[in-house]
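Chain order of the listed sequences is A and B.
Be aware that the first sequence starts at 1, since it is given in the numbering used here, and climbs by one per residue.
Be aware that the second sequence starts at 1, since it is given in the numbering used here, and climbs by one per residue.
No wet-lab data here; the hints were simulated from the structure.
This one's a predicted model, so the numbers in the text were calculated from it and none came from an experiment.
Just so you know, not all the hints are guaranteed correct.
[Said to hold, decoys possible] Here are the computed lysine-lysine pairs in the BS3-like style, where the Cα-Cα straight-line distance is at most 25 Å: (1) B:K14 to A:K85; (2) B:K91 to A:K430; (3) A:K85 to A:K130; (4) B:K91 to A:K468; (5) B:K37 to A:K85; (6) B:K24 to A:K152.
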Amino acid sequence: MASQTGKSGLLFSGSDWDFKKLSRVYDEIEAIAIDQLHLDTYPVQMEVISSEQMLDAYSSVGMPLMYRHWSFGKHFLHNEFLYRKGGRGLAYELVINSNPCIVYLMEENTMALQALVTAHAALGHNHFFKNNHLFRQWTDAAGILSYLDFAKGYIARCEERHGPAAVEAVLDSAHALMDQGVFRYHRPPKLSSEQQREGLRERLEYEERSYNDLWRTLPPAQGTDKAKAGEEGLAERKKSLSLPEENLLYFLEKNSLVLEPWQREVLRIVRVIAQYFYPQRQTQVMNEGCATFVHYTLMNMLFDRGRINEGAMLEILRNHSNVIFQPSFDDPRFSGINPYALGLDMMQDIQRIATEPTAEDRDWFPDIAGRGDWLETLLDAWANHRDESFIRQYLSPTLIRKWRLFVLADGSDRPHYEVASIHNERGYKKIRAALAQNYDLGANRPDIQVVDVDLLGDRHLRLQHKVKDGIILENESRDATLRHIRSLWGYEVSLAAVDAETGATLGERWTKDC
Amino acid sequence: MPIFIDRRLNPKDKSLGNRQRFLKRAREELKRNIRDKVRAGRIAEVDQEHAVPMPRKGTSEPVFSDARDSGRRQHILPGNRTYISGDLIPKPGLGGMGSSSPGNSESEDDFRFVLSREEVLDLFFEDLELPDLVKLSLKQILTFKPKRAGFAASGSPTNINVGRTMRNSHGRRIALRRPKQAQLDAIARQLAMLEAQPPNAARRERIAALREEFDLMERRRRRIAYVDPVDIRFNRFDPQPQPNASAVMFCLMDVSGSMGEREKDLAKRFFVLLHLFLTRRYERTDIVFIRHTHEAQEVDEQTFFYHTQSGGTVVSTALEEMHRIIERRYPATEWNIYAAQASDGDNFATDSERCIELLGGKLMRLCQYFAYVEIIDERESHIFGSTENGTSLWRAYSAIEQKWPNFQMRRIAAPADIYPVFRQLFARQPAMRVSA
């Protein structure tokens, strides 16, 4: 690479791009990224698309392939409306967690912008997808495109065979449960259906062999009254269905008594896609922060080596600062914390702590302060954290002061917001914990689980909503979603709201009432 | 080096299928929307794009979500300047703080989107029960007929003109002196002959010379193709618009008090359909609105549909007015004249004779087509459905209908009854073809 820098100057000049320039820039950026930042990426496939195609991609949740459903049409209309009205610009790029990693580039981008998004998406996001433990554990980058292809084909075939209306009904219901269709903590039981059947057969055989009629004649043991038997039955039942179950789609797919095999497969498709996207939703700050940090660092390196000119760098910096713009809370443009800004700031802060720590940093981060090797720390964080743990671990007092963060306690029964903590000695830890908590997807989604179902009785499906901090469900959407569950389950469904701390039942909603 | 793929030329409307699914789902609501638009808008404006609000029913996507006005939360916000712990900030009104939790305040459902002309017409046609072929020809913008127009150097393989192609090939082969197969065969024969004889120096030389000539010819043949791409000619077709002329459409309506909201709505849809038909067939279509009570006058569309006038009902005044306008502005030699009349059937008792006279004597000779609809109550439809008895106007027009094949009349009580009035009109059309 040193020889390259020696003999040639700029990688490109002017704003027009062509494939040769793109390729040259990519090669250069990749070389630096591997050399200097030790990034480890999937091979890249760059696709140049037009704005209409970007809108298309938006409406199919960013995937190049998707089955057909009316809701995507609705989202398309909405995105198109915002775009045409100028209410929202389109992204410069879109990147897909697949192997090879697909990066969409917009044709309208200037060459400088293409260089920026190449560094951002093709290297930053790509590295994160390949190395972060959530993606490694939960997503199959090599298989996702062929799975989507299968899903699209399968649903099209179902529509041919069973009619679009029937398929649409199942998809509607499944989409309503997408948020409750992921495993948050444990993997699904590994047994394939064949192994499962084999195991069941063996068990029955064993029971037959060891059956002895004599046992039946024994008088019942003392103290086994009916209530206890009922309780035992309940425990047995729960065990056999591995209840409680948080993944409603999984439960319905495996246990619903009214679904046809193809309907189960449709539920499975929706569930697999929901699970595929779950890591992305848990790592917004980190993912964008990583990509932004990478593009910022790489672009500066390129500039320092004289590979891009000042005009291009100026354009890049302008776009960069637009992306990481964070208005404060009283600004009319404020709409929550910008993940790009927070991610980048935290990562640059880690860089600072590692190289020029203050006494405070040494107190707070004894293991990384002043160790000099910031890259090692960052690579480790990118690989092993999600937003919640990353913030809990690395948000420093310096940054809290810089952002002037404060916590506002909001009780629905109070006429006032209360400022709970501000950026001072007493507040740092609380702010950090509260912010981390806000990024904990598992804790923020309504916690709804299947707790009981009597398959041999009235088949009434009992769900339980653990009410945290008194936050209850919105009535209308709750009833509508319950109706969807009922149509998949086929029998009565009820949802009990239970306070997570006291265990007191706050109310129960039955589908027959809504 | 990464793989680059240029997708810009890929088809754009990847989500068209999703759009159709979505429209189908919201069909009822969109239909009601379009119907309101037809009711409120102008006849000629049906035939275009329309913006409609996002339908609400049936298009919500419920999920379990937290009620915003419950429980205790913590918001973490940047940019604190003046607050210290323990400060109380009053909550602004019921709308919640503008800068509160990351939930989106603006509803995704609150916007308008544009339906294409085709989609609008689909929705408009929905309960008119038109045959599919008619729907298709109405949606078509202009009719073209491909007409032979010489030859072209490019085209689709099915259009190759073999004769012309071979002529070019022949000329080129002569000009470039491509050796014929017969010449080659002759040399080959000679060679064979010479080789069969015992060799001597002269023959050897001769054989070598022949060989060389043979090779040369063969190379030449290889290089000069028998049929070269430059020879190929295609038949060229020009899309020729069907001969079109101008048409004028007369809308006649009784506006006396007995025509209520429902009647006018039905009448309007009847007029719209005729207008759609005319704009498809003719380059230029004028509409003339004539309303009448006991006297008739030409009015604009707004007045025609939305102003009532009190008075009796004398139909012949409208026919007279129509005749006067034709004579003044629309000579039958230049214009195709269509008329559509809507009424509830009331007429002044002695006027029907006069109507017969006017129609039979003058107007039917001038008109391409005259359609009359009598709008009746839905409850009456089964009583009047088949019988020839009816209002005085109905009885009078029945006589005309028998005499003139281009006169159509019908009682309508519901939108689905409208189309049969025009059935003959649409059936008479020659099969139209669209050029690709």
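Exercise. Which numbered hints are broken by the structure, listed smallest first?
Worked result: Hint 3 alone not satisfied by this model.
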